[in-house]
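The residues making up each chain are set out below.
Number of protein chains: 2
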Amino acid sequence: MLVLITYDVSTTTSDGRRRLSKVAKTCQDYGQRVQNSVFECVVDASQFRRLRYALEELIDPATDSLRFYNLGDRYKSKVEHVGAKASYDMDGPLIL
Amino acid sequence: MLVLITYDVSTTTSDGRRRLSKVAKTCQDYGQRVQNSVFECVVDASQFRRLRYALEELIDPATDSLRFYNLGDRYKSKVEHVGAKASYDMDGPLIL
Numbered sequence: 003m004l005v006l007i008t009y010d011v012s013t014t015t016s017d018g019r020r021r022l023s024k025v026a027k028t029c030q031d032y033g034q035r036v037q038n039s040v041f042e043c044v045v046d047a048s049q050f051r052r053l054r055y056a057l058e059e060l061i062d063p064a065t066d067s068l069r070f071y072n073l074g075d076r077y078k079s080k081v082e083h084v085g086a087k088a089s090y091d092m093d094g095p096l097i098l
Numbered sequence: 003m004l005v006l007i008t009y010d011v012s013t014t015t016s017d018g019r020r021r022l023s024k025v026a027k028t029c030q031d032y033g034q035r036v037q038n039s040v041f042e043c044v045v046d047a048s049q050f051r052r053l054r055y056a057l058e059e060l061i062d063p064a065t066d067s068l069r070f071y072n073l074g075d076r077y078k079s080k081v082e083h084v085g086a087k088a089s090y091d092m093d094g095p096l097i098l
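In the order they appear, the protein sequences are chains P and D. Numbering-wise (the working numbering), the first sequence opens with residue 3 and increments by one. Numbering-wise (the working numbering), the second sequence opens with residue 3 and increments by one.
Only chain P is shown next, with the shape it has when bound in the complex (with noise of 0.2 Å):
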């Protein structure tokens, strides 16, 4: 299934600062990042379970967030891009 995970990190601290360079790792492990604070992850039920638990192992709940959209298996007709093309990560393809 297509996971789409969006977050917003507070970076008014350090600390903050270090949790979203976190956050963007972990999902880094996962998917593809197709905008600055959104990435798109295709990942079993239990894929996904382990990277749930470790985004929220990682964030402060307090003054950060995390969304999870899950857009299924049949999510290609779903997604549809304008504008420039995202260049976070060459290593995969990105989902247009």
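These aren't lab readings, by the way, just hints derived from the structure by calculation. Do not rely on the hints blindly, as some may be mistaken.
Just so you know, same-sequence chains aren't split out, so a pair can sit in one copy or run between any two.
To be verified - The list that follows gives simulated cross-link-like pairs (lysine to aspartate or glutamate, EDC-like), each with its CA atoms no further than 20 Å apart:
hint: 1; residue 1: 87; residue 2: 58
hint: 2; residue 1: 87; residue 2: 75
hint: 3; residue 1: 80; residue 2: 58
hint: 4; residue 1: 80; residue 2: 46
hint: 5; residue 1: 87; residue 2: 62
hint: 6; residue 1: 24; residue 2: 75
hint: 7; residue 1: 87; residue 2: 59
Once you have looked at the hints, place chain D on chain P.
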């Protein structure tokens, strides 16, 4: 249907910052800001076409990007939120 809109707008110039503000304002007319660059809009097909057209007119496709995710009508079970609540717009109900 629920359409999730995420965007990256380059803010290295004052033109970019103006575009960013216009993109956010346009999305606000149709939905609910849930994170800094993430909007959830409950729209029908014709509203979505209008919104999409308006956003495409606003961005600079060389530097900015938009992504649209169609989560269909039965979206409530597909969306999860963890951590701090968005406080961008207190007028509308958050979709949680």
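Please flag the earlier hints that this structure goes against, numbers listed from lowest up. Per hint list: 2 and 6 violated.
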